[in-house]
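Working from the sequences, and respecting the hints, build out all of it.
If you're matching them up, the sequences are chains S and W in order.
Counting from 1, one number per residue, gives the positions in the first sequence under the UniProt record's numbering.
Counting from 1, one number per residue, gives the positions in the second sequence under the UniProt record's numbering.
Worth double-checking, as some hints may not be accurate.
No farther apart than 30 Å at their CA atoms in a straight line, the calculated lysine-lysine pairs in the DSSO-like style are these [to be verified]:
id, chain 1, residue 1, chain 2, residue 2
1, S, Lys130, W, Lys196
2, W, Lys253, S, Lys130
3, S, Lys151, S, Lys130
4, S, Lys210, S, Lys130
5, S, Lys94, S, Lys210
6, S, Lys130, S, Lys94
None of these hints come from the bench; they were simulated from the model.
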Amino acid sequence: MSETMTAETADHPGARPAANERGRANHKASSIEMQGLHKRFGRDTVALDGVDLDIRAGEFFTLLGPSGCGKTTLLRILAGLEEPDAGSLVVGGKNITETPPHQRSVNTVFQSYALFPHLSVRENLAFGLKMRGMPAAERHTKVDEIADFIKLGDLVDRHVDQLSGGQRQRIALARALICEPDVLLLDEPLSALDAGLRSQLQVELLRVQKRLGMTFVFVTHDQQEAMVMSDRIAVLNGGTIQQVGAPREVYERPVNAFVARFMGHDNLYTISARKSDRLITALGELTAEDAGNGELLLIRPETLDLLPGAVEGPNHLTATVAERLYRGSHAEFRLAIGNTTLQATVNNRGRHLPEVGETVTVAVAPEDLVTLHE
Amino acid sequence: MSYSGAVPTARSRAMVRETRHLLFTVAPGAFWIFIFLVLPSAYLMGVAFMTNGPYGLPQMPLSLDAFERLAGVGFLGWSPGNLYTLLRSLWQTLVSTVLVVIVAYPVAYYITTCREKWRPILLLLVVVPSWTNQVIRAFGWMNLLAPGTPLSSLAESLGLVAPNMGLYPSNLAVTLGLVYNFLPFMVLPLYAAFEKLDTAQVQAAQDLYASPVRAFWHAVFPQTLPGLLAGTVLVAIPAFGMYVIPELLGGGKGMMLGNLVANQFAGSSNWPLGAAGAILMLIATFIGLFAMRRIGKRLGGGEEVVI
Numbered sequence: 001m002s003e004t005m006t007a008e009t010a011d012h013p014g015a016r017p018a019a020n021e022r023g024r025a026n027h028k029a030s031s032i033e034m035q036g037l038h039k040r041f042g043r044d045t046v047a048l049d050g051v052d053l054d055i056r057a058g059e060f061f062t063l064l065g066p067s068g069c070g071k072t073t074l075l076r077i078l079a080g081l082e083e084p085d086a087g088s089l090v091v092g093g094k095n096i097t098e099t100p101p102h103q104r105s106v107n108t109v110f111q112s113y114a115l116f117p118h119l120s121v122r123e124n125l126a127f128g129l130k131m132r133g134m135p136a137a138e139r140h141t142k143v144d145e146i147a148d149f150i151k152l153g154d155l156v157d158r159h160v161d162q163l164s165g166g167q168r169q170r171i172a173l174a175r176a177l178i179c180e181p182d183v184l185l186l187d188e189p190l191s192a193l194d195a196g197l198r199s200q201l202q203v204e205l206l207r208v209q210k211r212l213g214m215t216f217v218f219v220t221h222d223q224q225e226a227m228v229m230s231d232r233i234a235v236l237n238g239g240t241i242q243q244v245g246a247p248r249e250v251y252e253r254p255v256n257a258f259v260a261r262f263m264g265h266d267n268l269y270t271i272s273a274r275k276s277d278r279l280i281t282a283l284g285e286l287t288a289e290d291a292g293n294g295e296l297l298l299i300r301p302e303t304l305d306l307l308p309g310a311v312e313g314p315n316h317l318t319a320t321v322a323e324r325l326y327r328g329s330h331a332e333f334r335l336a337i338g339n340t341t342l343q344a345t346v347n348n349r350g351r352h353l354p355e356v357g358e359t360v361t362v363a364v365a366p367e368d369l370v371t372l373h374e
Numbered sequence: 001m002s003y004s005g006a007v008p009t010a011r012s013r014a015m016v017r018e019t020r021h022l023l024f025t026v027a028p029g030a031f032w033i034f035i036f037l038v039l040p041s042a043y044l045m046g047v048a049f050m051t052n053g054p055y056g057l058p059q060m061p062l063s064l065d066a067f068e069r070l071a072g073v074g075f076l077g078w079s080p081g082n083l084y085t086l087l088r089s090l091w092q093t094l095v096s097t098v099l100v101v102i103v104a105y106p107v108a109y110y111i112t113t114c115r116e117k118w119r120p121i122l123l124l125l126v127v128v129p130s131w132t133n134q135v136i137r138a139f140g141w142m143n144l145l146a147p148g149t150p151l152s153s154l155a156e157s158l159g160l161v162a163p164n165m166g167l168y169p170s171n172l173a174v175t176l177g178l179v180y181n182f183l184p185f186m187v188l189p190l191y192a193a194f195e196k197l198d199t200a201q202v203q204a205a206q207d208l209y210a211s212p213v214r215a216f217w218h219a220v221f222p223q224t225l226p227g228l229l230a231g232t233v234l235v236a237i238p239a240f241g242m243y244v245i246p247e248l249l250g251g252g253k254g255m256m257l258g259n260l261v262a263n264q265f266a267g268s269s270n271w272p273l274g275a276a277g278a279i280l281m282l283i284a285t286f287i288g289l290f291a292m293r294r295i296g297k298r299l300g301g302g303e304e305v306v307i
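Next up, the structure:
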C-alpha cells in the first residue's frame, strides 16, 4: 500500500489509477468465509442463529438490518471482540475463529470512532503501527502519507477534542487503514453525522475502497446507504441471513416480506387465488410474467404509470387519488382501489400530476411484478 | 444622539444590578473563607515568625527561631530528629498511598463488573468502616497487632520481628493504619472513573494490535488517571498530616509531622515552632499538588486533570 499511496498522493493524484488499483487489489484483499456462526447473550438473547456467509476478496460488503438483527455481533466476531458459541471464521484462507483481536489482520472503524482522547491525532493514527513494533521514523512517514490520503494532513498535530465529527470520522478511518489490514470493518461509521456530510463521506469512503481494493465489511441499518455503497448486501433479521445479493437484486427481487419491507416496500398484497399467471388480490386481477409461487404480490411504486381517467387494458386498475405528496423531483400518490390502497411514485417530467379525488388508471408491466413468501 | 445616550444608561443600570447580584451570591462564601481560612492562615504565619515565650505562647520580637528549631538547630547544636520526622512523614505518605492504589484499583474495577444492583451495596461496604471514629479503628488495629496476638506471633515465628516485640507499635502498624483508613478515598474516585470507562477505546486498542496488557496501559489506565490522581490527592494530603494513627500505632519511633506540630501546641508548648511545622506541611502539600498536576498533564496528554 505504501508505494502506491506515495505515488498517488505525493505526485499526481490519479495519474495512473488503473495501475494503482490493480497493484493494490492484488496486494491486500482477503476473502471471508463464515460457517454456522452462533452467538447467544445470556440465556435468552440469540444474536446469531447459524450464519453462513461468503464475502469475496476486495468486495464492499454490507450487513444490513434493523437494530438487534445481529449485524453488529457478526462484525464484532469478525474483529475478534466477540467469540462465537459455534461456527468457524476463515479470513484469507486462514481459520481465525479462536485468534484474539490483536493478532488478527482486521481493523475496525467504530461507530463512536473510539479515538484515544489523551493522544494527539498523530499518535492516534500511529497507534496500530506502534503496537506492531514499527520504528518511530517509519511511523512518522506513514502517518503523513495517510493524512494526505484522507486530505487531513494539516490536522495531525491537533488534539482529538479539537476535531469536528466529520474529521473524527476520517481520522478513525485512517487509523484503521494505516495498518493495511486484510479486511476493514465499519460499524455504522456515518450514523452520527448530519445528512449532507454523510452523503459526502459515503462517496469518499467508496472511493477509498475502490482505490485500495481492500475488503470492506460495512454495517448499517440504512437501506439507502447500503444500496449506494455496496457491491453486495446481506439482509439480516433475528440473527439469520434473509438474503444476500447485489443492491438491485435485494431491492427489486426481495425473497421475502421482511426484506421487501426493510427495503422500503409497502405495496404488498396477499394473493387470494391464481389462474395460471393471473394473480387475484384485493386490487383486482393482475398478470405477472414470472408469477413464482409466493403468496404475496409486491408492486414497486416507481414501476407504476398513472394515466388520466379510466382506461381499459391489460394490467390496468382504476383508482382514485386519495393523497398526493409533491416532492419536487417526483410525486408520491396514495391511490384508493376498492377497499385497499396502493402507493405510486411518479417522476415529475412537467406533465399533468393528478389531483386528489381525480380518477386515474394505474398501469403496471407484467415483468415488474414479483411474488414472494411471508 | 438621544438614542446613543439612552443605551449606556440602560447598560450601566444592568451592570449595577449584575454587580449587586454577584455581591449577594458571592459575599457569604467569601466571608466564610476569609474568617475561617484567610485569617487563621495569616495568624499562623504571624505566629511562626514570633519568638517562643516562657509558657510556649508566641511573643515579640519577630524572629526566625522557630524555623531554626524546626531545621534541628537547638541548644545542643544540630540534631536530625525533625528531619527524620519529615522524611518519615514523606515515606509513610508515599508507601501508604502506593499500597492504597494497589489495593483500591482492582477493588474499584471489580465493583464496576458486578451487577448494577450490587454495586451500591459493595461501595457501602467500602465506606462503612470510615463511619466509625478514627480513634476506635486505631484501637482496633492495636488489638490485632499487639504482642501475643495471632498476627504478631506469626510474624515473630517467621522472624519478621524480634521476639515479644509484636507488630505494634511500629512504623508498619502506622502504614497499615493509614492504608486501612484512606482506602475508601481512593476506591470511590477510581470507581467513578471505571464506571464511565469508554470500553470502545479498549476494544479499539485491541483491534489495533495491542495485547491485553498494552490495551490496559494505553486505553484503560489513561481513562482512570483523573480518578487515580484525585484519589491520590484525597489520600496523600491527609495522610501526610495524619495525627491520630501515628500517635496511637506508631509509638515513639513512628512520629510524623502532624504529631510534631500537635505536640508543640499541647505538651511541649512551643507555638511558633508548631506554626512553622504547619507552614512546612503546607509548603510540602503545595509542592506535591503542583507535581501531581504536572504528572497529570503529561500523562493525560495536556488534558486538564481536576485537582
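Cross-check of the supplied hints:
1. S/Lys130 to W/Lys196: Measuring from Cα to Cα gives roughly 27 Å; hence the hint holds.
2. W/Lys253 to S/Lys130: This hinted pair is violated, its Cα atoms lying about 50 Å apart.
3. S/Lys151 to S/Lys130: Holds, at roughly 22 Å.
4. S/Lys210 to S/Lys130: With a Cα-Cα distance of about 27 Å, the restraint between lysine 210 of chain S and lysine 130 of chain S holds, given a limit of 30 Å.
5. S/Lys94 to S/Lys210: holds, 24 Å
6. S/Lys130 to S/Lys94: Given pair lysine 130 of chain S, lysine 94 of chain S holds - Cα atoms ~25 Å apart, limit 30 Å.
Violated hints amount to a single one, hint 2; each of the other numbered hints is respected by the structure.
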